[in-house]
Amino acid sequence: MSAQELGHEIYTLKVNGQSHPVKDAWIGESLLYVLRERLGLPGAKGACEQGECGSCTVVMDSQAVCSCLVMAAAAVDTEILTVEGLGENGSLTDIQQAFLAAGGVQCGFCTPGFIVAVHHLLDSNPEPSDDQIRESLSGNICRCTGYGRILEAVKIVISQRGS
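Residue numbers for the sequence shown follow UniProt numbering, so the first one is 1 and each next one is one higher.
These are calculated hints, taken from the structure and not from any lab test. Misleading hints may appear alongside valid ones.
Unchecked claim - Pairs of lysine to any residue, SDA-like flavour, derived with a Cα cap of 25 Å:
id, residue 1, residue 2
1, Lys155, Gln132
2, Lys14, Leu100
3, Lys14, Arg38
4, Lys23, Arg38
5, Lys23, Val105
6, Lys155, Gly90
7, Lys23, Phe109
8, Lys155, Ser124
9, Lys155, Ser136
10, Lys14, Gln132
11, Lys155, Glu135
12, Lys23, Gly46
13, Lys155, Phe109
14, Lys23, Glu37
15, Lys14, Asp24
16, Lys14, Gly28
17, Lys23, Ala73
18, Lys14, Glu37
19, Lys14, Ser129
20, Lys23, Ser91
21, Lys14, Val105
22, Lys155, Ser129
23, Lys14, Asp123
24, Lys155, Asp77
25, Lys14, Glu79
26, Lys155, Ser91
27, Lys23, Glu52
28, Lys23, Pro42
29, Lys23, Leu69
30, Lys155, Val105
31, Lys155, Gln63
32, Lys23, Ile10
33, Lys14, Gly46
34, Lys23, Arg36
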């Protein structure tokens, strides 16, 4: 029996600007599972697996999505951006640096999802209002740091980019 006869597929995902073959994959695997377990990109985290916490946020075709809710096979022919693809040559982005400076990280489990969500927000709206920031991040949950320091980090980046 072939892989396809067994309900397994072979397809390619474009992640962080590079094509990644996904071999012998089950058609129902989530994008989160494929990113972490098959492609070795552990940045997106699986916390709730129900799209409620935002720890698995990635950008897919210019839209922030919860990768736990997307079937990986549905992401074929899309551009996927994960937290690993944000910095150049392993360096921190200005957003990651601002999170550190503002104390917007504690345990760090939610941080990759927040970082991707903030990148998505500022790419589409470089000068969001406080309400727009809150709305954009409303799908991300932090149980340690609280949101004040995370919002401060976003404001630091907006200020730095505006000067």
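Consistency of the hints with the structure:
1. The hinted pair formed by Lys155 and Gln132 meets the criterion: a straight-line CA distance of about 12 Å does not exceed 25 Å.
2. Only pairs whose Cα atoms come within 25 Å are accepted, and Lys14 paired with Leu100 is rejected, the gap being roughly 29 Å.
3. Of the supplied pair hints, the one linking Lys14 and Arg38 holds, its CA atoms being roughly 13 Å apart against a limit of 25 Å.
4. Distance hint between Lys23 and Arg38 is fulfilled; the C-alpha atoms sit about 9 Å from each other, no more than 25 Å.
5. For the hint linking Lys23 to Val105, the alpha-carbon distance of about 36 Å lies beyond 25 Å, and the restraint is violated.
6. Our distance criterion of 25 Å between C-alpha atoms is met by Lys155 and Gly90, whose separation comes to about 24 Å.
7. Distance hint between Lys23 and Phe109 is unfulfilled; the C-alpha atoms sit about 29 Å from each other, more than 25 Å.
8. A distance of roughly 15 Å separates the Cα atoms of Lys155 and Ser124; the hinted pair therefore holds under the 25 Å criterion.
9. Of the supplied pair hints, the one linking Lys155 and Ser136 holds, its CA atoms being roughly 14 Å apart against a limit of 25 Å.
10. The hinted pair formed by Lys14 and Gln132 fails the criterion: a straight-line CA distance of about 30 Å is larger than 25 Å.
11. For a cut-off of 25 Å, the pair hint linking Lys155 to Glu135 stands: about 14 Å separates their Cα positions.
12. Distance restraint check for Lys23 and Gly46: the Cα-Cα separation of roughly 22 Å lies within the 25 Å cut-off, and the hinted pair is therefore satisfied.
13. Annotation: proposed proximity of Lys155 to Phe109 holds, straight-line Cα distance about 22 Å (limit 25 Å).
14. For the hint pairing Lys23 with Glu37, the CA-to-CA distance comes to about 12 Å; that is within 25 Å, so the pair holds.
15. Of the pairs offered as hints, the one joining Lys14 and Asp24 holds, with about 17 Å between alpha carbons and a cut-off of 25 Å not exceeded.
16. Taking the CA atoms of Lys14 and Gly28, the gap is near 18 Å; set against the 25 Å cutoff, the hint holds.
17. A threshold of 25 Å between alpha carbons decides the hint, and for Lys23 with Ala73 the separation of about 11 Å falls inside it, so the pair holds.
18. Taken as a hint, the Lys14 and Glu37 pair is honoured in the structure, with Cα atoms around 16 Å apart against an allowance of 25 Å.
19. Under the criterion of a C-alpha separation no larger than 25 Å, the hint pairing Lys14 with Ser129 is inconsistent with the structure, at around 32 Å.
20. Between Lys23 and Ser91 the alpha-carbon distance is near 30 Å, which puts this suggested pair outside the 25 Å criterion.
21. For the proposed pair Lys14 and Val105, the alpha carbon gap of about 29 Å is over 25 Å, so the pair is violated.
22. For the suggested pair Lys155 and Ser129, the alpha carbons sit about 10 Å apart, so the restraint of at most 25 Å is met.
23. Distance check on the hinted pair: Lys14 and Asp123 sit about 20 Å apart at the alpha-carbon level, within 25 Å; holds.
24. A C-alpha spacing of about 34 Å is found between Lys155 and Asp77, which places the hinted pair above 25 Å, so the restraint is violated.
25. Taking the CA atoms of Lys14 and Glu79, the gap is near 6 Å; set against the 25 Å cutoff, the hint holds.
26. Distance restraint check for Lys155 and Ser91: the Cα-Cα separation of roughly 21 Å lies within the 25 Å cut-off, and the hinted pair is therefore satisfied.
27. Straight-line distance between C-alpha atoms of Lys23 and Glu52 comes to about 29 Å, which puts the hinted pair past the 25 Å bound.
28. Annotation: proposed proximity of Lys23 to Pro42 holds, straight-line Cα distance about 18 Å (limit 25 Å).
29. This hinted pair checks out: Lys23 and Leu69 have alpha carbons roughly 21 Å apart, not beyond 25 Å.
30. Restraint check: the Cα-Cα separation between Lys155 and Val105 comes to about 15 Å, which is no more than 25 Å; the hinted pair holds.
31. Between the alpha carbons of Lys155 and Gln63 the distance comes to roughly 22 Å, so the proposed pair stays at or under 25 Å and holds.
32. Straight-line distance between C-alpha atoms of Lys23 and Ile10 comes to about 5 Å, which keeps the hinted pair within the 25 Å bound.
33. For the given pair, Lys14 sits about 21 Å from Gly46 by alpha-carbon distance, which is consistent with the 25 Å threshold.
34. About 14 Å separates the Cα atoms of Lys23 and Arg36, which keeps this hinted pair within 25 Å; it holds.
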